[in-house]
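Protein chains: 2
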Amino acid sequence: MTVYTASTTAPVNIATLKYWGKRDANLNLPTNSSISVTLAQDDLRTLTSAATSESFEKDTLWLNGKEESLTNKRTQDCLQDLRGLRNQLESQDASLPKMSQWRLHIVSENNFPTAAGLASSAAGFAALVVAVAKLYKLPQDMSELSRIARKGSGSACRSLFGGYVAWEMGEAEDGLDSMAVQVLPQEAWPEMKAAILVVSDVKKDTPSTQGMQLTVATSDLFKERITSIVPKRFVEMKEAIENRDFPRFAEMTMKDSNSFHATCLDSYPPIFYINDTSKKVIRLVHSINAFFNETIVAYTFDAGPNAVLYYLEKNEEKLFAFLYKLLHQVKGWEPKYNKEQLNGFINTFENQYKDKIEFFIDPELYQGITRIILTRVGPGPQNSEECLIDQSTGLPK
Amino acid sequence: MTVYTASTTAPVNIATLKYWGKRDANLNLPTNSSISVTLAQDDLRTLTSAATSESFEKDTLWLNGKEESLTNKRTQDCLQDLRGLRNQLESQDASLPKMSQWRLHIVSENNFPTAAGLASSAAGFAALVVAVAKLYKLPQDMSELSRIARKGSGSACRSLFGGYVAWEMGEAEDGLDSMAVQVLPQEAWPEMKAAILVVSDVKKDTPSTQGMQLTVATSDLFKERITSIVPKRFVEMKEAIENRDFPRFAEMTMKDSNSFHATCLDSYPPIFYINDTSKKVIRLVHSINAFFNETIVAYTFDAGPNAVLYYLEKNEEKLFAFLYKLLHQVKGWEPKYNKEQLNGFINTFENQYKDKIEFFIDPELYQGITRIILTRVGPGPQNSEECLIDQSTGLPK
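Residue numbers (the UniProt record's numbering), protein chains in the order written: chain W, 1 to 397; chain F, 1 to 397.
Take these hints with a grain of salt, some might be off.
Because identical chains share one entry, a pair is satisfied inside a single copy or across any pair of copies.
Taking lysine-lysine pairs in the BS3-like style, the calculated list, with each CA pair at most 27 Å apart, reads [said to hold, decoys possible]:
id: 1; residue 1: Lys397; residue 2: Lys58
id: 2; residue 1: Lys137; residue 2: Lys98
id: 3; residue 1: Lys22; residue 2: Lys223
id: 4; residue 1: Lys98; residue 2: Lys397
id: 5; residue 1: Lys279; residue 2: Lys223
id: 6; residue 1: Lys134; residue 2: Lys73
id: 7; residue 1: Lys223; residue 2: Lys238
id: 8; residue 1: Lys354; residue 2: Lys339
id: 9; residue 1: Lys339; residue 2: Lys356
id: 10; residue 1: Lys314; residue 2: Lys279
id: 11; residue 1: Lys279; residue 2: Lys325
Rather than coming from a laboratory, the hints here were simulated on the basis of the structure.
Pulled out of the complex, with its shape left as it was, chain W reads as follows (with noise of 0.2 Å):
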């Protein structure tokens, strides 16, 4: 039995100016663009290999070690349009294994716990597709794979770049214009850092397409949101991407997350992803600025309670000041910082700040927050020594 197999990376990212409503549910096209950070895949990846043989039987995909149906309609539009270009290849060169007519062994692995309640789904789709795509030596590039990445989740076209990225929502009814492209790589404004503050909730979110739908069909508020509002910050954030004009860049950020959450709100019956810690997080993070007197750090929330915050590498000492005094007794410190680190957080809190601060500052904090994750903008999906695949049987390792 001959398996032929390949293996990619596929990052995280989180929108800056958020994708929220379909146009098109069957093909994920989108009511408006959007733009998003890639974050780095030391704290956040998939690893995803996948492998073909024509002695398989079905498609089969293994996700954090369990056998999971290949059948959902997201995923075989995928590797449909996989096979597609795949067969125009056959068809050119007679000489090609018929892999497009072989079933698929997929097998992923996310680094992070998926408990977590990060939308590991933008990363799993956008390696999926990179990893066929690369079994199959498909020449497209990477706007090209997006578009099919983005069939099977919206944002998962946004995974196929580091860096800064732009989702062009398109016109064509077909899709062919809705995918990313790359604002600026993250070599060129690599200060970018982020903290993922994990709150904790008990209760379940509305999953994000079924609040799509809601929000496009009840809200009066939306419709605003998507024709006025989105495409002038859309051109206004990508120039303060280009400028590297991080206040600009925070405020746009900071308001964008609001407004999608406003219609949110505005739904019937209306949706709240965002909780009581949420909200304390949002005033934590607008206090810290005034304190400053200076846009120093930005919150966005994704379709639930958890906070992320986008900061520069400069400014780290003043907002980890605040950010670990208040949050020291949640785990993800450790493996970041060392202890006279995080001592000298501590003692420019105590020694610099703690006298002159006039706002609010909430000692419970921490209670709502069950983690923290630091790490910073990083690059688009890379080329993997390690395969999750048994070249021999074709099966997990």
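Since the structure of chain W is provided, determine the placement of chain F on it from the hints.
Coordinates of chain F only, in the frame set by chain W:
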């Protein structure tokens, strides 16, 4: 010393189409028309006595037993208008005492704890204006007086009428056409009841005047609300009230509350009035309506976390089966219902509904709620036989 006195009560009103935004902060002219229900005064009212005498030395207010300044601009604007109207009478009839030149003593008491966090300024300014108008024997009708009360506190103008009240925003720069009118007297739709869930919250809200200004200045979605959404809803909600169409009235009430809080969230920095307990109440209301497959109850939230639920008397048993089951621990039931009636609600829940419930009932909801106030639609300001001022001294009794 001759002391002239007059006394009145005035009710609280709770908007179902929200007033949020001033186009003229000085005159309290709103950016949109609004609608409210006036609540019964057995439960919530201000009683105000006004006195004047040539011998009084300064305008003085005693509010709930405490002497307070009457020099704030809003109150002085009201008093100046009232004195102007009195002055017109005096200039037409020289035999009248020259009250317009004399100082005023005002004594005012609420029959509900201000700690409840219920906006008492509407009832307070309405009672102030009506008491002084009565003292001055002014011929102006309630709509004309509502223009004056509006200058004290915007929503006060709606407390000049009972039943269902519209505040027409008007267009004039001087605010002469911005006043309250009655949509329907309470006798025409007396079945409307209200349950106020007083929600505990440690955090002080952004004061509403400050919040409004911030929303007007910074929310991108706000303009859409006031130019397209509210004008349409104003016409439709008046129609729903005139037709006594509870489901339609209820749906618009809920949507408008959500729309208002969405624009607060879209402000920068965002304003939060509803908290996690408020959200649980919102979810519960939608679940109850879904359970009965009929809109039997509506929620609305002002600039704070307290929920006001509107429902029709005929549906009380259905609603209270859930509400008393979940909130029997909070105070406020027993003055209105005896043990047998309260047990009846529990029995209805246990015997008729419990086994059919498919939604999540949060057994800890009561922990976020400090009391329930059970009331209904009620009349406008009432003459009061009780006078809070000692006729011989001109001071509080």
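Okay, the hints, checked on the actual structure:
With identical chains, the CA atoms of Lys397 and Lys58 are at most 27 Å apart within one copy only, with a shortest distance of 18 Å there and 90 Å across copies. Proximity of Lys137 to Lys98 under the C-alpha cut-off of 27 Å is restricted to the intra-copy arrangement: shortest distance 12 Å within a copy versus 98 Å between copies. Taking CA atoms no more than 27 Å apart as the test, Lys22 paired with Lys223 passes in both settings, with 12 Å inside one copy and 24 Å between copies. Taking the shortest Cα distances, Lys98 and Lys397 sit within 27 Å of each other inside one copy (25 Å), while across copies they are farther apart (99 Å).
Taking CA atoms no more than 27 Å apart as the test, Lys279 paired with Lys223 passes in both settings, with 25 Å inside one copy and 24 Å between copies. Taking the closest pair of Cα atoms, Lys134 and Lys73 come within 27 Å of each other only inside a single copy of the chain (22 Å); across copies the shortest separation is 73 Å, beyond that limit. In this homomeric assembly, Lys223 and Lys238 come within 27 Å of each other (Cα to Cα) both inside a single copy, at 22 Å, and across copies, at 25 Å. Proximity of Lys354 to Lys339 under the C-alpha cut-off of 27 Å is restricted to the intra-copy arrangement: shortest distance 21 Å within a copy versus 55 Å between copies.
Taking CA atoms no more than 27 Å apart as the test, Lys339 paired with Lys356 passes inside one copy only; the shortest distance there is 26 Å, against 56 Å between copies. Only within a single protomer do Lys314 and Lys279 lie at most 27 Å apart by alpha-carbon distance; the minimum there is 26 Å, versus 39 Å between protomers. When the C-alpha separation of Lys279 and Lys325 is checked against a cutoff of 27 Å, the pair qualifies only within one copy, where the shortest distance is 18 Å, while the shortest distance between copies is 30 Å.
The structure shown violates none of the earlier numbered hints.
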